[in-house]
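Quick note on the UniProt record's numbering: the sequence shown kicks off at 1 and runs consecutively.
The set of hints was computed from the structure by calculation and includes no laboratory data.
Yeah, the Cβ is synthetic: ideal placement off N, Cα and C, and Gly gets one too.
Incorrect hints may have been included.
[To be verified] Taking CB as the label site, the calculated pair distances span: (1) Leu-80 - Phe-18: 53 to 61 Å; (2) Ile-16 - Leu-109: 40 to 48 Å; (3) Ser-56 - Ala-28: 29 to 37 Å; (4) Asn-70 - Gln-94: 33 to 41 Å.
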Amino acid sequence: AEGDESVTTTVNGGVIHFKGEVVNAACAIDSESMNQTVELGQVRSSRLAKAGDLSSAVGFNIKLNDCDTNVSSNAAVAFLGTTVTSNDDTLALQSSAAGSAQNVGIQILDR
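Input sequences plus hints: build the corresponding full structure.
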């Protein structure tokens, strides 16, 4: 019958590169948790009029996979960046756009 035959053809030349890495890590970040954008929405400037004022919390998750059983219950994530002068727990906003908010930062809390 037509189409039932299998023909093998060998072609010489070409290169296939395999790339990977073996790591000793306690966990892996799930691919859906990488490169997230957390939409904070709009906040009225009057709501952030003085130091310590807060907007509404916006939740997000970071899913970890393949965690080592010795560390899975104590796994932690760290966020690094420039902090505001008055609070080392608040990441500073960095924008050079005209009219950008000043003296405002983002707190990342474990809920």
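message: Taking the Cβ atom of Asn-70 and the Cβ atom of Gln-94, is their distance within the range 33 to 41 Å?
response: holds (37 Å)
task: Take the C-beta atom of Leu-80 and the C-beta atom of Phe-18, compute their distance, and say whether it sits inside 53 to 61 Å.
output: Distance hint for Leu-80, Phe-18 is violated at roughly 32 Å.
message: Can you tell me whether the CB distance of Ser-56 to Ala-28 sits inside 29 to 37 Å?
response: Since Ser-56 and Ala-28 have Cβ atoms about 31 Å apart, the given range 29 to 37 Å holds.
- prompt: Ile-16 and Leu-109, beta-carbon distance inside 40 to 48 Å?
  reply: The hint (40 to 48 Å, Cβ to Cβ) holds, given that Ile-16 and Leu-109 are roughly 47 Å apart.
The structure shown violates just one earlier hint, number 1.
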